[in-house]
Amino acid sequence: MTDRVLAIGKNTFREAVRGKLFAAIGVFGVILMGSSAIVGPLSLGEQARIVQDLGLAGMSVLGFMVAVLIGTGIVFTEVERRTIYTVIAKPVERWQFILGKFAGLNATIFVLVVGMTVILLGAAWIEIGYFKPQLLQAVLLTWVELMVLTSLSILMSVVCSPILGAIFTFLLYIIGHTSGDLRELAQHFGSGSAKTVTNVAYYILPNLEYFNIRSKVIHSVHVDSAYIIFACVYGLFYCVVFLTIAGAIFERKEFK
Amino acid sequence: MPILEFKDVSKVLKSGFLRRPVYRLGPLNLEVEAGEIFGYLGPNGAGKTTSIKVAMGILRADSGEVRFFGESARGAAVKHRVGFLPERPYFYQHLTAFELLDFYGELFGIPGRKRRERAMNLLDMTGLAEFANTRLAKFSKGMLQRAGFAQALINDPDVVLLDEPLSGLDPTGRRQIRDLILGLRAGGKTVFFSSHILQDVEMICDRVGILLGGELLRAATMEDVLSETLSWVEISVEDLEYEAIRRLGLGRVEEKAGKTVIRLGPEEDTGEAIKTISGLGGKVSSVVPQRQTLEDYFMRNVAPGKAEEAGQACPADPAGTAREPALTAEASAALSRSAKRKRSAEKVGMGN
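Those protein sequence lines, which keep their order, are chains A and B. With the working numbering as the guide, the letters of the first sequence map in order to residues 1 to 256. With the working numbering as the guide, the letters of the second sequence map in order to residues 1 to 352.
Just so you know, these hints were derived from the structure itself, not from any lab. Certain hints may be false.
[Unchecked claim] If you want the ones that stay clear, here's a sample from chain B, every Cβ over 12 Å from chain A, calculated:
hint	residue
1	50
2	80
3	106
4	109
5	125
6	199
7	217
8	224
9	241
10	247
11	258
12	285
13	287
[What the hints assert, rightly or not] In silico contact screen, one side only, chain B against chain A (beta carbon under 8 Å); selected entries:
hint	residue
14	57
15	58
16	59
17	60
18	64
19	91
20	92
21	94
22	96
23	226
Here the structure is a predicted model, which is why all the values come from computation and not from measurement. Here a beta-carbon is modelled for each residue, glycine too, at the ideal position from N, C-alpha and C.
Working from the sequences, and respecting the hints, build out all of it.
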C-alpha cells in the first residue's frame with residue numbers, strides 16, 4: 001500500500017524536477033541566496049541580519065511559489081491530460097493517489113529547502129563566523145508551513161482550475177499570515193459581523209504566523225523546543241485536514 | 001463463469017451548470033468468456049468508451065454492476081488481473097518508455113528485478129526496445145500506442161481491455177498489435193477491445209458485440225454474424241461474347257481484366273448457370289464464392305447512411321440486394337438516439 005504512494009510520489013518528484021519551472025526557481029534561489037552575500041556588506045553593521053533575513057525569506061517565498069505553481073495544477077493536469085486513466089485502472093486507491101502527489105511535491109520542496117539551507121548556512125557562517133543552529137529551527141518551521149500550503153494547493157487542484165486554485169491559495173496565505181492582526185483590529189474597531197468573520201477565519205484557517213520565527217532566530221532570541229513541536233503538530237494537523245477533504249472529493253470524482 | 005460481465009449497467013452523463021443529461025448508456029448486459037477475443041463495435045457515440053471506462057472505474061455506473069472473474073470491478077484487488085489501454089493514450093511525457101513501465105509495475109507492487117525484466121521484455125515485444133531510454137515526449141502516435149499496449153500487460157493480466165488499440169497505427173504497427181492480441185489469446189488470456197477497423201476485428205475476433213445508441217444491438221460469434229450476411233458467386237467466363245452472356249439474364253454481368261464476370265446472388269443456382277454457359281460454348285475459368293465482410297454487415301445494420309456509399313463502392317452486390325433496407329425498427333430507433341447522443345457527446349468532449 002505504501003509502495004503505491006511512494007511510486008506516485010517518486011513520479012511526481014521526477015516530473016517536478018524535470019520541469020522547467022523547478023529549474024528556473026532553483027536557479028533564482030541560488031542567485032537570491034548568493035546576492036545576500038553581496039547586499040550584506042552594503043548594510044553597515046547589519047550584514048549578518050540581512051544575510052539571514054534574506055535567506056529565510058527567500059526560502060519561504062520560493063517554496064511557496066513551487067507549492068502554488070506546481071501544486072494547484074498537480075491533480076488537475078492529470079485529469080486534463082488523461083494520464084489519470086491508466087493510474088485509476090491500476091490497483092490504486094484514490095486516497096493513495098492524493099497522498100502520493102503530496103509526498104512527491106513535498107520531496108521536491110524539501111530538495112529546494114535543503115539546497116537553499118546549505119547556501120544560507122554557508123553565507124551565515126561567513127558573516128557571523130560560526131554555525132548558528134537556531135537557523136535550522138526557522139528552516140524547519142518554514143518547511144512545515146510549506147507542507148501546509150502544499151496540501152492546500154493539492155486540495156485546490158482537486159476542486160478547481162490551476163488559476164483559481166493559485167488565487168485562492170494566495171488569498172489564504174495572506175489571511176493565514178494576517179488573521180491574528182485582523183482579528184485584533186476587528187475586536188477593537190469592527191462591527192459585529194466583522195468580528196464574527198475574523199473570528200471564524202482565525203479559528204478555522206491555519207494561522208501561518210505560528211511558523212514564522214524568523215525575526216526571533218535572526219535576533220538570537222531563544223525559541224522553546226516545545227513551541228517548535230507544537231507548531232509542527234499544528235501544521236501536520238492542517239495537512240491531514242486538507243488532504244482528507246481532497247481525498248474525499250477526489251473519491252467521488254468521475255473522469256469524462 | 002464469465003471473465004467480464006456487464007450486468008444491467010446504466011450510466012447517464014450530465015453536462016452544464018444544470019447538470020442536464022446528455023448521454024445515456026444501457027442498461028447494458030454483456031458477458032465475455034475466458035480465452036476469447038471479443039470485438040466491441042459501434043459508431044461514434046455508441047457508448048463503447050463509456051462502458052469501458054465504467055468497467056475500469058474511471059466512471060461509475062448509475063445502476064448495475066461490472067464484474068471481473070465474478071467479483072465486483074469496484075475493488076482495487078481485482079485490478080491485479082486486468083490490463084487496460086485507454087483510447088488515445090496520454091502518458092507522462094517526462095518519463096522514458098522504460099520508466100513508464102517501471103512506474104506502472106510499481107503500482108502493481110511487482111518486485112524490482114521482476115518488474116525491470118518484464119518491462120524490457122514488453123518493450124522488446126512491442127518493438128520499442130531501442131527506445132527504452134527515450135522520453136515519451138519524443139514518441140510518435142504509433143509508438144505511444146505500442147507503449148500503451150506494453151503498460152497494459154505489465155501485470156501479466158488474465159484479461160485485457162483495449163480501447164481502440166489499432167487506431168493511429170500504420171499497417172505494420174496494426175499487424176504487430178494484431179499479432180500481439182492473437183499471441184495473448186494463445187497464451188490463454190482474454191482480450192476485449194473496441195475498434196473502428198472492422199477488417200482487423202473480423203480477422204482476429206472470436207465474438208463481437210455491436211453497440212448502438214448506448215444499447216447492445218447484438219453479441220454473437222463472428223461465424224454467426226458472417227453467416228447471416230449475403231454471399232454471392234463470381235463466375236469468370238471466356239470464349240463467349242459479353243452481349244451473349246448478358247442476354248442470358250444471369251445476375252450482374254461485367255467486364256473485368258479482359259474477362260467477362262457474372263455475379264450470382266445467393267438465391268441463384270450456380271450449377272445451372274455453369275451448365276447454361278457451357279451449353280453455349282463458353283468456358284468457365286473460375287468460380288469464386290464471395291462472402292460479405294463484417295464491414296458490410298456493419299454498414300447494413302448500423303450505418304444506413306453510409307450503406308448507400310458502400311453499395312456503390314461494392315459492385316459485387318449482384319442485384320443491389322445488399323443495399324436492401326435491412327435496418328430493423330430497433331436498430332433504426334437506436335441509431336436515431338445514437339445520432340443525438342453523438343452530438344451531445346461532442347459537447348461534453350467524450351471519446352468513442
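* Any hints this thing doesn't respect? Which numbers, in order? -> 1, 2, 3, 4, 18, 22, 23
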